[in-house]
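Just need the whole structure built from these sequences, with the hints factored in.
2 protein chains.
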Amino acid sequence: MNGDHRTLHVINGSRKRDCSSLFEPDAWSIREEGFHPERSRFTESIFSLANEHMGVRGFFEEGYSGDSLPGTYVAGVYYPDRTKVGWWKIGYPEYYARLVNLTNWLMVGVELDGERIDLAIGRFRDFRRTLDMRRAVLTRSYVWQAADGRETGLTFTRFLSLADPELACISVTVTPLDHAAVVVFMPALDGGVINEDANYGEVFLDEVERGLDPEVVFLTMRTRKTAFDVCTAMTVRLRLDGAGKESEKIPFAEGHRLGWRLAVPVAAGRSVTLEKYVAVCTSRDHPRETLARTTTAKAQAAGERGFTELLAEHGKVMAEKWAEYDVEIEGDVCAQQGVRYNILQLLMTYQGRDPLLNIGPKGLTGEKYGGGAYWDTEGVCFPFYLYTDARVARNLLLYRYRHLRAAEENAARLGLPGALYPMATMDGRECHNEWEITFEEIHRNAAIAYAIYSYTEYTGDRSYLFTYGLEVLVAISRFWAGRVTYNPRKDCYMLLGVTGPNEYENNVNNNWYTNLMAAWTIEYTLDALDLLAREDREAHEKLVHRLGLTEQERWRWREIQQKMYYPYDDELGIFIQNDGYLDKEQITVADIPPEDLPLNQHWSWDRILRSPFIKQADVVQGLYFLPDRFDLDCQRRNFDYYEARTVHESSLSPCVHSIVASRIGYREKAYQLFLRSARLDLEDLNGDTRDGLHLTSMGGTWAALVQGFAGMRVKDDRLSLAPYLPSGWRKYSFQIEFRGRRLAITVEEDKVVVGLLSGEVLEILIHDRPYRVSKDQPAIAALRA
Amino acid sequence: MNGDHRTLHVINGSRKRDCSSLFEPDAWSIREEGFHPERSRFTESIFSLANEHMGVRGFFEEGYSGDSLPGTYVAGVYYPDRTKVGWWKIGYPEYYARLVNLTNWLMVGVELDGERIDLAIGRFRDFRRTLDMRRAVLTRSYVWQAADGRETGLTFTRFLSLADPELACISVTVTPLDHAAVVVFMPALDGGVINEDANYGEVFLDEVERGLDPEVVFLTMRTRKTAFDVCTAMTVRLRLDGAGKESEKIPFAEGHRLGWRLAVPVAAGRSVTLEKYVAVCTSRDHPRETLARTTTAKAQAAGERGFTELLAEHGKVMAEKWAEYDVEIEGDVCAQQGVRYNILQLLMTYQGRDPLLNIGPKGLTGEKYGGGAYWDTEGVCFPFYLYTDARVARNLLLYRYRHLRAAEENAARLGLPGALYPMATMDGRECHNEWEITFEEIHRNAAIAYAIYSYTEYTGDRSYLFTYGLEVLVAISRFWAGRVTYNPRKDCYMLLGVTGPNEYENNVNNNWYTNLMAAWTIEYTLDALDLLAREDREAHEKLVHRLGLTEQERWRWREIQQKMYYPYDDELGIFIQNDGYLDKEQITVADIPPEDLPLNQHWSWDRILRSPFIKQADVVQGLYFLPDRFDLDCQRRNFDYYEARTVHESSLSPCVHSIVASRIGYREKAYQLFLRSARLDLEDLNGDTRDGLHLTSMGGTWAALVQGFAGMRVKDDRLSLAPYLPSGWRKYSFQIEFRGRRLAITVEEDKVVVGLLSGEVLEILIHDRPYRVSKDQPAIAALRA
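Top to bottom, those sequences are chains A and B. FYI, in my numbering the residues of the first sequence are 1 to 785. FYI, in my numbering the residues of the second sequence are 1 to 785.
Treat the hints with care, as some may be off.
One copy or two, either will do: identical chains are not told apart, so a pair holds if it fits within one copy or between any two.
Keeping only pairs whose Cα atoms sit at most 35 Å apart, straight-line, the calculated DSBU-like set for lysine-lysine is [as the list claims (entries may be wrong)]: (1) Lys89 x Lys669; (2) Lys542 x Lys731; (3) Lys775 x Lys89; (4) Lys84 x Lys316; (5) Lys245 x Lys89; (6) Lys731 x Lys89; (7) Lys669 x Lys731; (8) Lys669 x Lys490; (9) Lys669 x Lys368; (10) Lys368 x Lys715; (11) Lys225 x Lys84; (12) Lys731 x Lys751; (13) Lys321 x Lys731; (14) Lys751 x Lys84; (15) Lys731 x Lys490; (16) Lys368 x Lys542; (17) Lys245 x Lys490; (18) Lys225 x Lys563; (19) Lys751 x Lys490; (20) Lys89 x Lys225; (21) Lys490 x Lys563; (22) Lys89 x Lys490; (23) Lys715 x Lys225.
The set of hints was computed from the structure by calculation and includes no laboratory data. Computed from a predicted model, the values in this text were never measured in an experiment.
Right under this line is the structure:
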């Protein structure tokens, strides 16, 4: 992966703006020419598809005996994998929830005259794989070369229906180019799947039921312990040169794999196509008793409607999505491709359909991090959902509200009051299993409080805050009040033994960001309580009574907020990331030999911990969240100091630094970091895309453009923009929803145009000047230099 | 175990000096009256036997279906168990070496008229178990009560021969008291044993060979990966009322268990005895090809010599040991019992027979900590061996010298120069698997350097230092020089990101003890190099050349040593354990509710880490090692501060605090801590004796008496004593070896008497006054008040 790290350096260290050569620069597609087995897992991740209900990695229908992670996942279907740690410590969770790698439904084995097609073994040419981002369709083609030189063309097309998320369709076309051949298709379902990263190699699935009749095949697997039933059904259609064709289906079954064998003699130059229709339904959505019937019926109905019709229906939904979610960039195809790829993956992964679900760091594209919810959601992803569809943002808040009792139990297990939201969770219970993270990376609590604040500020809707949010805020404030240590010698409150967002330091005292956000949470909680008291005295009384909140407790909170300790260095004029940080050797990223990057793949953990290098936005995350508290000079001093030491080895980092860089006028830096976020996976900049896509940072890419380049935020209860055009760009545009309105924002070389697509007339701020936006009259303002 | 924790409080918090009621206070035995299944694993640990070659826990010959850890171990026979961690970090070791729980050779099943004896199921009375410390023999007896009321007496005796360490003997006597009965013995060997704490439940052993003929049974098991062959052979003899008796042996075999069934009709009131002779030989000591032959021959020869003769031979060796190693205490049977128990276990576990071996924290009495060598050896155990038999101490030093290359590789893996000795090891490679320990608890290096110093100072023999020790010292100094961080703002050197001896704080900066000992190592290394240069210029030149040691490097070492940073608090006049320690809430052990102790079994790890409570001697360990550097007031201030915050939840802690308490005149405190060390296991003071005995701290008990109460050390190249008599004691005495002399030291109420048992006339210091000791003329000095 050295090539990729060089690319990273180009992006990070210079003005060069070429995309890497892995994929053709193209505004609407991701295209791979030629097959690269040495990065097969990487491209499998890149070509992942999903439709919020389920996801499938870009592995091969016909099977592949080389390195591969054939992963198919269904949102919310997980297994509580017994915790694995070196030495048990009191407080560790019982299990790590893992999305289960479920029945592989992609399989369509292909034999040509008795020879099994396997790209790891045979010869082939003209391999090409394309993700059509406009339609969310993946195609793949190559010409297979038999030992005797005869050639056969193969084309594979797949999509996961956005119109009916329980449906996936695959089409495989085989064309013996210069010979007649017997083509055998072996469409199958395989429930004999294991999670590659299971802690103890346990099998997560049992077979419950199967069916293998001439019309439909189905297989119901049940997750152990959690007892989710997942039924997968398939049916197929054959077409010869486009016309329907019948063929005998010879059933086969081996272990948990079952399917059919269909043999078709094909003349030279003619094409045979197998269409496979797959339905995947679970007991999360359907009664267990009728699950198999529901699923098989759905697969059969799909087969009857046919590939073309289903694809058209799917494409129509995708087109509607793009009409609202597209971000257009003129003059920078690399950025355009990256942003669209990020948006597409976000739309395919999570749109708030199921409020019991959340968005995992890898979405539905891999097994790492188990598929649970992390603080990524509130820390980075939240604005994308908030600004495009506040109902989704509200669902994300409700997700945490539902887990409040579990978060209280989590705090109690550590001997602390209030609520500590988990570092990683599927059902509200903590799953993470490293003391320095599980017990210490407590700043995650603040991000959840901050999301409540953001939602309330952006929507102007206080009902969530008063009905649900305050209860969460009080519980988090109670946690902070229990977690601080009063230092009588210095007369201040400290947070000892924490891990900040920078996970390259562990168990530090007084992480500036954590202290800042803890005090902020308390302040916001107190303010929100006062607001409720003013607006609805009775509701306030009831809440205070129900939560047992005393005046004394509030007094103590106020004291903690006022006497919080913030490490600061007078000489440098910067906040100190945490006590002792400045005692480290103060070298910068420029001092790291390029071949040592990323550090987490080259340096011992000991060396990383003792280095000054920062994994991800830490002090800068505080500047991002609370910009009004720090003047621009202060922000610049801190940004200068910490950006020079930040290696951005968390995908969540470049977008946050980019936004702050935009704010302080570091436009070239902002652009570099934006591009790093936008193309993180496409160029494998962190060297770990093989494990899955960095879904949560994709929301950050969008935010880097909207909050960064366009300077969008809420000021004095009004939508406010402070846009600029990154150098070299001719134009960019995006849409947002704001308090019942849909707005289209276009930033051009000399002006910004804000149009109202729907909703009431609105006053907004552009560069702090008020503008009126109506359907007839967009706001047009000149750009600042 | 609440009862035990109360006991701990009594010992720690008051002047009460009763032993707990678990075992009868007795100077020469450990006796349990009545069986207590709720603490079966605890007593199994207590009644462990060993003979340096092998060890066996105190489980039951006849089998026991209740809670039990039937452990039989052979020193040096280990399995490299694949590392288990939550999240892999670069630098982690590949495996954790574990002593293998080997073929269970203790088994002698007993049936009475077809009823299998099992104390977990049946009724019985008068259970008694006694460890005869004088002879190192374990006996156990009870009266079994059949359902119909008939009673049968059973007596079990076992010893692991100290005369021939490959031999163990068991005798089982059955006496139907009031009825005739058919007694069936089922002596067996069982190789189907697993290590309870295997990381992934792997089986460590394969069967290689077995034999089951009428004279002898044997079973050879081979450890996987390491391929140690361990052959266990047995033969038996029957005696009826003391006279030899023949009986048919019906062979049986099931899985890896094989043995004989011997049925004997016994009249009422008469006794039948089965003697089982076991030999355990390994490919570590014998050629693989003849291993079975060697082992079976040894078992058969033992059977021919008979139980009585072998026991006498064993007892004779033990008596010789006691003649040299016994510590006599008059006036305090609890202390006497504890000290003898500690000495017995030490003598049974490690006497330096095999210089390739070391002493594990649990010796051969359990599986925890894998049986590898920790810094316990040098940190606490070393003086016991050094003062009683310097050849053993030298072997312990050579053990580390042999591992120097591995220690260099260990440092290199972390990206550091020089040598980092492992936290835990069997073959020199690091086995520990927690970053905060493995990578950070680097003070262990200093203990290894300090042992070289101690040996050289005590023996006066510089040959080890010059031939081997200096190479180790240079490698360790190089490690420190690579590990420090220069702080230009403060113009000093710091050690960042370390874990001190107090493992209840992790990843701290500037642990005072570590900084102190790192600088001390460098200083001692430089001094030793200068000494060599003075004494043998040529050898010095050769060494310097061979190690590539430059003047520049030595200059840098000197600078580091001179500019090392030592955290100190002016207001309190104490060394600060590490940066930030005083920011913690400064409560003391007296503030902990008794039911919360030990903290590590009641508090979340988070709470422990954030508390000021100290697991084990940390600053005080520095005072212990380098007393001459700190005046008594300084030592008192630090002791007062840290002892009040130390929970002593490491067994290595009370002895060290006790010695420092003795030095600073805190006699009652010194006694309490001594007793806590001496009776740690007998009273289960740390609540974890069930996992095995705390072998390494047993050496510390001895040191607390010799270095503490008797104030023994070397001063100006002379043996020096500063003894006192703990209150309530009438007298104590012990022997040591010093530079070819054997000395007997007796401390009485008004005087100390030092006699010379062998060797040349010697001048020693008592309370800093010189005395001459010859064979004719002991030194007699008055005690100081």
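Here's how the hints hold up against the structure:
For the homomeric pair Lys89 and Lys669, the shortest alpha-carbon distance between copies (31 Å) is at most 35 Å, but the shortest distance inside one copy (43 Å) is not. Proximity of Lys542 to Lys731 under the C-alpha cut-off of 35 Å is found in neither arrangement, the shortest distances being 52 Å within a copy and 73 Å between copies. Taking identical chains as interchangeable, the C-alpha atoms of Lys775 and Lys89 are never at most 35 Å apart, the minima being 61 Å within one chain and 57 Å between chains. For a Cα distance limit of 35 Å, the shortest separation of Lys84 from Lys316 qualifies neither inside one copy, at 46 Å, nor across copies, at 50 Å.
When the C-alpha separation of Lys245 and Lys89 is checked against a cutoff of 35 Å, the pair qualifies neither within a copy, at 63 Å, nor between copies, at 56 Å. When the C-alpha separation of Lys731 and Lys89 is checked against a cutoff of 35 Å, the pair qualifies neither within a copy, at 55 Å, nor between copies, at 44 Å. In the homo-oligomer, the alpha carbons of Lys669 and Lys731 lie at most 35 Å apart inside one protomer (19 Å), although the nearest pairing across protomers, at 79 Å, exceeds that limit. Only between protomers do Lys669 and Lys490 lie at most 35 Å apart by alpha-carbon distance; the minimum there is 33 Å, versus 39 Å within a single protomer.
Proximity of Lys669 and Lys368 under a CA criterion of 35 Å is satisfied intra-copy only: 30 Å inside one chain copy versus 53 Å between copies. For the homomeric pair Lys368 and Lys715, neither the shortest alpha-carbon distance inside one copy (39 Å) nor that between copies (61 Å) is at most 35 Å. In this assembly of identical chains, Lys225 and Lys84 lie within 35 Å of each other by CA distance both inside one copy and across copies; the values are 17 Å within and 23 Å between. Taking the shortest alpha-carbon separations for Lys731 and Lys751, only the intra-copy value of 10 Å comes in at or below 35 Å, while the best inter-copy value is 98 Å.
In this homomeric assembly, Lys321 and Lys731 come within 35 Å of each other (Cα to Cα) only inside a single copy, at 21 Å, whereas the closest approach across copies is 91 Å. Taking the shortest alpha-carbon separations for Lys751 and Lys84, neither the intra-copy value of 56 Å nor the inter-copy value of 59 Å comes in at or below 35 Å. Taking the shortest alpha-carbon separations for Lys731 and Lys490, neither the intra-copy value of 53 Å nor the inter-copy value of 52 Å comes in at or below 35 Å. For a Cα distance limit of 35 Å, the shortest separation of Lys368 from Lys542 qualifies neither inside one copy, at 44 Å, nor across copies, at 54 Å.
For the homomeric pair Lys245 and Lys490, neither the shortest alpha-carbon distance inside one copy (84 Å) nor that between copies (84 Å) is at most 35 Å. For the homomeric pair Lys225 and Lys563, neither the shortest alpha-carbon distance inside one copy (48 Å) nor that between copies (59 Å) is at most 35 Å. Taking identical chains as interchangeable, the C-alpha atoms of Lys751 and Lys490 are never at most 35 Å apart, the minima being 52 Å within one chain and 52 Å between chains. Within a single copy, Lys89 and Lys225 get their C-alpha atoms as close as 24 Å, and across copies as close as 30 Å, so both meet the 35 Å cut-off.
Taking the shortest Cα distances, Lys490 and Lys563 sit within 35 Å of each other both inside one copy (10 Å) and across copies (28 Å). For a Cα distance limit of 35 Å, the shortest separation of Lys89 from Lys490 inside one copy, 32 Å, qualifies, whereas the shortest one across copies, 37 Å, does not. With identical chains, the CA atoms of Lys715 and Lys225 are never at most 35 Å apart, being 49 Å at best within one copy and 67 Å at best between copies.
Violated hints, listed in ascending order, are 2, 3, 4, 5, 6, 10, 14, 15, 16, 17, 18, 19 and 23; each of the other numbered hints is respected by the structure.
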